[in-house]
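Single-letter residue listing:
Protein chains: 4
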Amino acid sequence: MINIGIIGYGYWGPNLVRNFFAAKDCCVKLVADARTERLQQLGIAFPCISGVRDADNIIYNSDIDAVVIATPVSTHFALARKAIAEGKHVLLEKPMASSVEEAEMLINLAEQKGVLLMVDHTFLYTGAVQKMKQLVEEHELGNIKYLDSTRINLGLFQSDINVLWDLAPHDISILNYIVDERPYSVNATGITHTNNSIENIAYLTINYPSGFIAHFNCSWTSPVKVRMMLIGGDQKMILYNDLEPTEKVKVYDTGYSYSNDEEKKQVLVDYRTGDIHVPKLTTTEALLGMANDFIACVQKKKQPVSSCQLGLDVVRILEASSKSIKHNGREVILEATTVPANHNGHEVLI
Amino acid sequence: MINIGIIGYGYWGPNLVRNFFAAKDCCVKLVADARTERLQQLGIAFPCISGVRDADNIIYNSDIDAVVIATPVSTHFALARKAIAEGKHVLLEKPMASSVEEAEMLINLAEQKGVLLMVDHTFLYTGAVQKMKQLVEEHELGNIKYLDSTRINLGLFQSDINVLWDLAPHDISILNYIVDERPYSVNATGITHTNNSIENIAYLTINYPSGFIAHFNCSWTSPVKVRMMLIGGDQKMILYNDLEPTEKVKVYDTGYSYSNDEEKKQVLVDYRTGDIHVPKLTTTEALLGMANDFIACVQKKKQPVSSCQLGLDVVRILEASSKSIKHNGREVILEATTVPANHNGHEVLI
Amino acid sequence: MINIGIIGYGYWGPNLVRNFFAAKDCCVKLVADARTERLQQLGIAFPCISGVRDADNIIYNSDIDAVVIATPVSTHFALARKAIAEGKHVLLEKPMASSVEEAEMLINLAEQKGVLLMVDHTFLYTGAVQKMKQLVEEHELGNIKYLDSTRINLGLFQSDINVLWDLAPHDISILNYIVDERPYSVNATGITHTNNSIENIAYLTINYPSGFIAHFNCSWTSPVKVRMMLIGGDQKMILYNDLEPTEKVKVYDTGYSYSNDEEKKQVLVDYRTGDIHVPKLTTTEALLGMANDFIACVQKKKQPVSSCQLGLDVVRILEASSKSIKHNGREVILEATTVPANHNGHEVLI
Amino acid sequence: MINIGIIGYGYWGPNLVRNFFAAKDCCVKLVADARTERLQQLGIAFPCISGVRDADNIIYNSDIDAVVIATPVSTHFALARKAIAEGKHVLLEKPMASSVEEAEMLINLAEQKGVLLMVDHTFLYTGAVQKMKQLVEEHELGNIKYLDSTRINLGLFQSDINVLWDLAPHDISILNYIVDERPYSVNATGITHTNNSIENIAYLTINYPSGFIAHFNCSWTSPVKVRMMLIGGDQKMILYNDLEPTEKVKVYDTGYSYSNDEEKKQVLVDYRTGDIHVPKLTTTEALLGMANDFIACVQKKKQPVSSCQLGLDVVRILEASSKSIKHNGREVILEATTVPANHNGHEVLI
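Residue numbers (our numbering), protein chains in the order written: chain S, 1485 to 1834; chain R, 1485 to 1834; chain Z, 1485 to 1834; chain G, 1485 to 1834.
Chain S on its own, in the form it takes in the complex (with noise of 0.2 Å):
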């Protein structure tokens, strides 16, 4: 039995404390906000869980063995490294870290310490993206060429983070899982209209050494809900539709291919449209999944679905679109190694 202890009562909080609740071998002992008012939410909701005001009481009570943070990113670091640094074990809700150097600390001495250390990405847990996953790995797609995503609706700004590090996280994850490649640049533009500097529309391209490309769209100010992504393939594409009840992964037998017309010099591109294939999909909730993943992985001391080395990889992809917004779209390089060799290569920012 792992003894639980969660840091935020927020926005996500709420659905933390409901599954590591209905999660096995383990229980939830404690729940940390500074707020009366979540506090009391708390006591309504879940009568026998204790509430406290002040973090400290979980990361030094030597009952808890695993403190769960859903705090705002710019603590994640410091609460992060008191805890590891006790001996707990951390489970951090998305993104992990503020920057790529803190990640990277916290992952040091979490090893150092031999405790667990992972990241909340919840679509991992899903069914829809264990499917394109699977898709994916059984060469389904033939070799996969893009992957397009539109995550937009109106409302919940944030107040110190901009809308790629509040949004993109669900879709870079979802990318990082699926795709084996590792990306070489990033571009990213943006603007705010709320005169505090922080983007509420933003567009992030990642540029990968194949060929590949991915690019995301993510706003706060759009009047319509949409949460699409494309994946294509040579052989098939799929369409990933959030917002379908239940047909949210459509998979298009389509594909192209292209061929050398010597004569006119031209490049001779062939398309095929087929049949459309609609998979069912497991239903469990996602972040139950989450939640014993991390509990099994603490007992059975592996690494989970949603590592932290996949999380330093989206912090990554983060700070370098932060750094290409900020030089106005230019191309930031993630791994100079992997530059191809027809590159552009003195247009970049390392």
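Possibly wrong hints are sitting among the right ones.
What the hints assert, rightly or not - Below, a list of computed lysine-lysine pairs in the PhoX-like style, where the Cα atoms sit at most 25 Å apart:
no.: 1; chain 1: G; residue 1: Lys-1615; chain 2: S; residue 2: Lys-1734
no.: 2; chain 1: S; residue 1: Lys-1807; chain 2: R; residue 2: Lys-1807
no.: 3; chain 1: S; residue 1: Lys-1709; chain 2: S; residue 2: Lys-1734
Claimed, not checked - A few chain Z residues facing chain G, derived, Cβ under 10 Å:
no.: 4; residue: Lys-1629
no.: 5; residue: Leu-1723
no.: 6; residue: Thr-1738
no.: 7; residue: Val-1751
no.: 8; residue: Asp-1754
no.: 9; residue: Ile-1760
I should point out that these hints are in silico values taken from the structure, not numbers from a laboratory.
Where a beta carbon is used, it is the ideal one built from N, C-alpha and C, also for glycine.
Based on these hints, arrange chains R, Z and G on the given structure of chain S.
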């Protein structure tokens, strides 16, 4: 009665013939296409229109008053220059030319010769775009803040122009028609998957002095067809879905505002959702409206809705987008005079 | 403070417990269910509520003011009669009873004992139905002419009642709430595919003196879930799609009118389409609204929105539908007094 | 080469002319319409086809081999009888006649004269219906249990026939084409809101000996256009949405089965949901397929897909539906020999 010759009877040519056939005060006299099989098709569909193999038979024909050019973009300049030199009025398919230089030369020449030069940006004549123009002009949306367009589908890979030159002119023309402000720069990224240096997926951001931003997502390799545009104001927002049979334009009574929280040193953002309004649109065929506008402007010596200046501005953006793609997404300045004062000037290409 | 006991902790029971838990001025004291595993579920979800196996422990408990009955329909009458006889206020799940006779006996008994008898027609408390009621009352639609409802999906075959008794009460209650006119007859057809004389597909038509008509399509064997209702007036029409996350109610400025063409001895019908309006709806949980209405009506001795008279009228239509199905679709008269004068009277069943 | 004359150039006539123009081995020689303005339209669209005002100019013209009749239903019988008597092959628009008696007389006469009599049930030639026919024939759905059709929109009120005679022939022809079993009876209800005894909303149930059931919902007064059909088997089920541009037919791997629970004296029903498959459909224009079938059957003296027997069965159901509406929804027997043994026989009309 204006006598018309149409050059090019490929994909779009039959639509032009059919609509100029139905337009007022004009007569389609000749159609030119070098391909025998295309002229045979013409003979079956329009037995009363003569087909010729050589465009010169139209251009140098003294019975012809106006020439419609629906050939590949690379041939526009030479054909149009000859026709204008002969004193013909000219309607060019979009994009009007391969470069800003070409487009400007044609515009100057037409002015000298006192003939009409017009570009067929058909979408400007749709009920949907007319309604959106009206809503923006009447300040229904408040201050407009962004335009976000997705135009993707499978197929019709072009062998001479990339996907932005092929698909984005529709959406850029709508942008230029609806938004009065002039952009100062663009960023673009893209990729080719067909081994011919012609991007089949590309992303374009257009930057404006006021903070307005426009973004375009274009692809020939999507399994699904999407033609969607969002136009957001701070008072209301529009969703324009061109694939909806009747409910193409939805106006969301959705907005946001911000204020400074002096105490917390934060900007507080408030948003609001409300009713949705779906205006009835006129349903006359857009291409017929374009044809009638061309004829009327020839007769009355006035400028059409889809003017050559608007067409030039479309080419200016496309040319800059190609430059940005070539320089790995670096910002390319369109009009140096309007670059915002706080802009990172040394990053850009002029 | 009203003390509440809930009988039946099956499919719907947990929702009732959760909402009465959240409602004002009441306290859920006891929940009864004969099944051990259901009481265990109760213990996990609501540790502070006592579970009992025998409904009599609630009915004869002097601490209990009001009894909520969420058991199979066939048991409603016996349980409610006992509870009313004990002076308890009673909330019955829909449909309120197995027959008009039973329903009327309960209503009479409740009146004698001076207690509230209410039926849980939850949909009446949704923002969508409240908005439609308002639009009809304010004569926005003009004279209403028809209501057409489809409620189909796969699954949850009942073993005691057919698909009309299971699904149609939702839509009939909405009809009765929105439309003031009283129907005079019904026709119904249906089929069983499960060898148990319980129709899994059925169709119901309800006839009104004014020419208004209502039709209901219900099925447990549809591959897709549909919950759609049309309400047509001669001025405007409503499309109510309960599966839309936000745009549930669309008001079409669509109508028709007719005139007599004396010359051709014909009726000329004119129709008109216009804008569409999608009103914003209140989003409070309907079941909580129902629970609060019950408590408020107990306290203030007034009649709820979802009254027992409305519930009785629902049962009256269901009973007649069963009679019509049994007689191969023959018309069954509900109220002989309002049968139109020109009606084929000898065809009907009374 | 078959010479064709087309009688009636109203709503559907231009489509027939265009497709027979494009069909193989035939030539449209003449088109008849009494209205001057319709013949003018013909002249503009098809300058090479002669228009005549009197149908007799076609019927008694010895150059004409085949006559296509696209006039109001009430005129079908007289025109077709004359044409058949003259030895012409005849293609009738749907429904083929105003009564079973008329339809049977035409069929007998055509047989006597050795000419082809065919009915234009265009939908049978669509890729969607062809695919559904194939799926049912190959027993992909298991035993089929029901067909449920909704065909509603606003407008085109007919002044001579009610909404079932106008819209249901499409769906009944699909039913008759796909389902081999013959129905034994129908029930129908409906209402007129236009003061002319012509129902603008009507509902039709068709009953089959095996327990298969078909239901049709037709309206001219819906604010939205719906063309949806469900076909349910015990193994799989089809959703056919004719308004979808490409994904018209979806096959759900969804079924149910039942068993007897001896102990509880209950039938237990089990259901199952699975993947969805969207087959690619052929996209040739249905009307062209119909025209080619007509010409080929004339030449090869064989029966077309859309045969006059199928057309007669459609009229048989329509005639019975009118009788049922007139008798307030009472069941009307089509074939007394196949009424199930346990049927409430005395309720019905023969």
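Hints versus structure:
1. G/Lys-1615 to S/Lys-1734: holds (20 Å)
2. S/Lys-1807 to R/Lys-1807: Cα-Cα ~21 Å, so holds.
3. S/Lys-1709 to S/Lys-1734: holds (19 Å)
4. Lys-1629: This hint holds: Z/Lys-1629 lies near chain G, its Cβ roughly 5 Å from the closest one there, short of 10 Å.
5. Leu-1723: At 5 Å from the nearest chain G Cβ, Z/Leu-1723 passes the 10 Å test, so the hint holds.
6. Thr-1738: holds (4 Å)
7. Val-1751: The hint holds - Z/Val-1751 has a Cβ within 10 Å of chain G, the shortest such distance being about 4 Å.
8. Asp-1754: holds (9 Å)
9. Ile-1760: holds (8 Å)
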